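Asker: Protein chains in written order, with the numbering used here: chain A, 846 to 1070; chain B, 173 to 211; chain C, 538 to 764.
Mixed in with the good hints there might be a few duds.
[Unchecked claim] What follows is a set of in silico ranges between Cβ atoms, one per label pair, in the way DEER data are often shown:
1) A:N926 / B:V195: 42 to 50 Å
2) A:P976 / B:L194: 42 to 50 Å
3) C:I664 / A:V967: 34 to 42 Å
4) A:R922 / C:L759: 42 to 50 Å
5) B:A178 / C:Q747: 30 to 38 Å
6) A:A921 / C:T543: 52 to 60 Å
7) C:R717 / B:G196: 39 to 47 Å
8) C:L663 / A:L981: 34 to 42 Å
9) A:V956 / C:R667: 31 to 39 Å
Please keep in mind that the hints were generated in silico from the structure rather than gathered at the bench. It should be emphasised that the depicted structure is a prediction, and the values quoted were computed from it without experimental measurement. By construction, the Cβ of each residue, glycine as well, lies at the ideal position given by its N, Cα and C atoms.
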Amino acid sequence: MSRLAEITVATLSKDLRLEWRSKDAINSMLFFALLVVVIFSFAFNPTAEESRRIAGGLVWVAFLFAAVVALNQTWARELRNQVLDAYRVSPAPDNALFLAKAIGNFLFVAVLEALMTPLFVVFYNLRALGPAYQLLLVAAFGTWALVVNGTFFAAISLRTRSREVMLPLILFPISIPALLAMVEATTAILTGEFSARFWIVLLAVYDVVFTTVCLVLFETVLHAE
Amino acid sequence: MNFLDAAYIATWLIHIAYLTTLVGRFKKLRQEIGQLPRK
Amino acid sequence: MKHRFTIFALIVLALLSYALYQALVVAPTEQTMGDVQRIFYYHVPSAWTAFLLFFINFLASIWYLVQRKPAADIVALTTAEVGTVFCTVVLVTGPLWARPVWGIWWTWDVRLTSTLVLWLIYVSYLILRRFSTGSQTPVLAAALAIFGFVDVPIVYLSIWFFRTQHPQPVMGGGGSLDPRMWHALLINWLAFLAFALLVCSIRYRLEFLQRELEETQALESLLEPKP
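Looking at chain A on its own, in the form it has when it is part of the complex:
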């Protein structure tokens, strides 16, 4: 168990260091995130009361786009350097690789969300009428829901034509209940009109179920050529 944790942390810190040194992905993602917020603001220009009702949906669709862009390059570095083959034959537990990638993606998308949120607050004059601390729970559980399945499906899409389209294509349908939960919970918290509790619990259940499925099946998928 601790061997799993050791290798996960080692792989994760390697990825973070590489990312920090090259800064390519980070910079382009940041700019992309800013663009998304601005374009959404032009496209949907509601009044203050309306905006609380629809902001939940808008924000999460924007985060979803940003997440897909991040997820698509999950395995790019490994592919370029034939690292996956090395992983398959090494005695390291496969799940360590998966967890490292998933956590890496989570941190990455979390940074994007942290940057996009103040922009959304500014453009839409947002203020939470309900318990604002719950938004952190929604963001954490929701982002993990997208990232855990996204990292897995990115591995499945590696050997397909139109790889970049295949990932969102298989990710979105399965993520619908999680997306619904994120949007409803956010709307609940912003408008203060109903409780987000059910949705937060649903997200937590979704996370547990799919993290388990991913961990159980990842080894099979990694070894599938």
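With chain A held as given, fit chains B and C onto it using these hints.
Answerer: Positioned in the frame of chain A, the structure of chains B and C alone reads:
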């Protein structure tokens, strides 16, 4: 045509469309089998 | 073999005709909705059949991952395809029923909306199968199928709760059914199940033969003398 008829007709159109694609694929299969060199 | 198939096909045809008769003539007319309610005899059995087929797909996918038998993979592919066809029927008959009864095409009804998500999941499965290159497609597809099916109860639960927050018309008749209606419903389900079995057997045979052909073609090209 009322909605009831439309629903029943639509159902069978969908099933027939699918079966037609299967028949088409069988035809292609037979052609390709025919092209195999004889042992 | 061919005789058995023809006989089965004729039985299915007879069952479907009898079921149609039950649905359109024998079953009594519903009080509030009128004749349009008869769509129910096609809509509901198709939904049950689709769901059963997707469940078999789930089992076949697990079977494939455990034993790696090609037959398991063909069953998975077949049930996913035929299940999607039945699912399409549900999604088309649903709005055609909703429009005359409630005045709107789409009511975000729990079952219909869950069926839409189910349809999306299995279409994405079929697209993955088509676009995947390499020999390990069955493994990847089986993994996706497991994700998809595990998602189903969560989908249903989330949409159910969504609806309690945003109430909309309920489809499918809440009240109890007249016994003659139950009879018609069950006969139609039996007929569509038999029909699904027939179509699956055709699709299975097609896939089986196609794979044999591909193997033979591969072997041929290996054995051909090089020019």
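Asker: CB of R717 of chain C to CB of G196 of chain B, is that within 39 to 47 Å?
Answerer: At 41 Å between Cβs, range holds.
Asker: For the hint 31 to 39 Å, verify it against the beta carbon of V956 of chain A and that of R667 of chain C.
Answerer: holds (36 Å)
Asker: Quick check: does the Cβ-Cβ distance between R922 of chain A and L759 of chain C fall within 42 to 50 Å?
Answerer: violated (37 Å)
Asker: Holds or violated: 30 to 38 Å for the Cβ distance of A178 of chain B and Q747 of chain C?
Answerer: Given about 35 Å between the Cβ atoms, the range holds.
Asker: Is 34 to 42 Å a correct range for the gap between the Cβ atoms of L663 of chain C and L981 of chain A?
Answerer: holds (38 Å)
Asker: For the range 52 to 60 Å, tell me whether the beta carbons of A921 of chain A and T543 of chain C fit it or not.
Answerer: Since the Cβ atoms of A921 of chain A and T543 of chain C sit about 54 Å apart, the hinted range of 52 to 60 Å holds.
Asker: Take the C-beta atom of P976 of chain A and the C-beta atom of L194 of chain B, compute their distance, and say whether it sits inside 42 to 50 Å.
Answerer: Distance hint for P976 of chain A, L194 of chain B is violated at roughly 56 Å.
Asker: Look at the Cβ atoms of N926 of chain A and V195 of chain B and judge whether their distance stays inside 42 to 50 Å.
Answerer: holds (48 Å)
Asker: In this structure, is the beta-carbon distance linking I664 of chain C and V967 of chain A contained in 34 to 42 Å?
Answerer: holds (39 Å)
Hint check: violations occur at hints 2, 4; the rest are consistent with the structure.
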